[in-house]
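> Residue numbering for the sequence shown follows the working numbering, starting at -11 and increasing by one per position.
No lab work stands behind these hints: they were computed from the structure. Fair warning: there could be bad hints in the mix.
What follows is a set of in silico ranges between Cβ atoms, one per label pair, in the way DEER data are often shown [claimed, not checked]: (1) E222 - T257: 18 to 26 angstroms; (2) D219 - G170: 42 to 50 angstroms; (3) E237 - E202: 17 to 25 angstroms; (4) E254 - N19: 24 to 32 angstroms; (5) E237 - E173: 43 to 51 angstroms.
Even for Gly, the Cβ is constructed at its ideal location relative to N, Cα and C.
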Amino acid sequence: MDPEEPEPLPEGWTEGTVRSNGIDVHYTRTNDGTSDDPPFVICHGVFDDGPCRTPLAREFADEFDVVLVDARGHGRSDAPAEGYAMAERVADLGGVIEALELADPILFGHSMGGDTVAATAAAHPDLPRAVVMEDPAGMLAHEESPEELAAWASDRIEFWHGHSKAELLDADEEISSYVADGRAELARRLADARLRVSARISAVFASGWVDTGETYSEIRVPTLILKADGDDAERERNREHASHLPDVELVHVDGTGHTVFRDDRETATKELRAFLDGLVE
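Just need the whole structure built from these sequences, with the hints factored in.
In structure tokens form, the structure reads like this:
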């Protein structure tokens, strides 16, 4: 395989594109689209794309119809000149769910994707079966202004786009760390995503994140929040955010950072599986 070629999909997985909210949105699926299993929709974090969450999707592919969505400006989805605020991301996701006829989906999102699934569940309370958020952006303590974060994002994307895939496996600190600890496939998928991401997505940072008080209070379904480790003060702030949810389980995963599943896959997966099992009991 050419080292610059994108990573192939796992055997039996499929991909496609649907028209949603005026753009083409790309998705990856862990089956051929005829599965009767409950739908489990994964929304990635900023800079990533759907295939970056392949390890998570593999864990649940035998029990769920897992659909990984590329957010606008990411992966193989369109990157329009504008439209990166929350309302557009919610409309994009809702259109994918409708086009694929996913009934009562479990919505999972990391960081930016965590905000997207929360806002979607708040805007359409009868749509999801449950919500899972991995270190959602709206709960993070952002010290920089939206403008500063947007400038930082632009700089990062310019750096990535100045390298080849092979070079990023060594030049990018995060990606190279996964190579070093034996997760080369994940590293290659992250490199693919960094090369695909559009510079236009810096507008995501400029538009800001959800107000947890306003958004979380409108969610009516069981919700699991898997949060990064933190000191007592941080954990108390997180509990305050989570308290706006009427039916919530908040779990701080010891020793993890913003990428909870990548930092402690075993514990995070165990917590998620227990939550999902509880939905059908």
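> The structure should be examined with respect to each hint, and the outcome stated for every one.
Verification of the supplied hints:
1. Between E222 and T257 the beta carbons are some 23 angstroms apart, a value that agrees with the proposed interval 18 to 26 angstroms.
2. At roughly 30 angstroms, the beta carbons of D219 and G170 sit outside the given window of 42 to 50 angstroms.
3. For the pair E237 and E202, the supplied restraint of 17 to 25 angstroms holds, since their beta-carbon distance comes to about 21 angstroms.
4. A hinted range of 24 to 32 angstroms holds for the C-beta pair E254 and N19, which are about 25 angstroms apart.
5. At roughly 30 angstroms, the beta carbons of E237 and E173 sit outside the given window of 43 to 51 angstroms.
Comparing the model with each earlier hint shows violations of hints 2 and 5; every other hint is respected.
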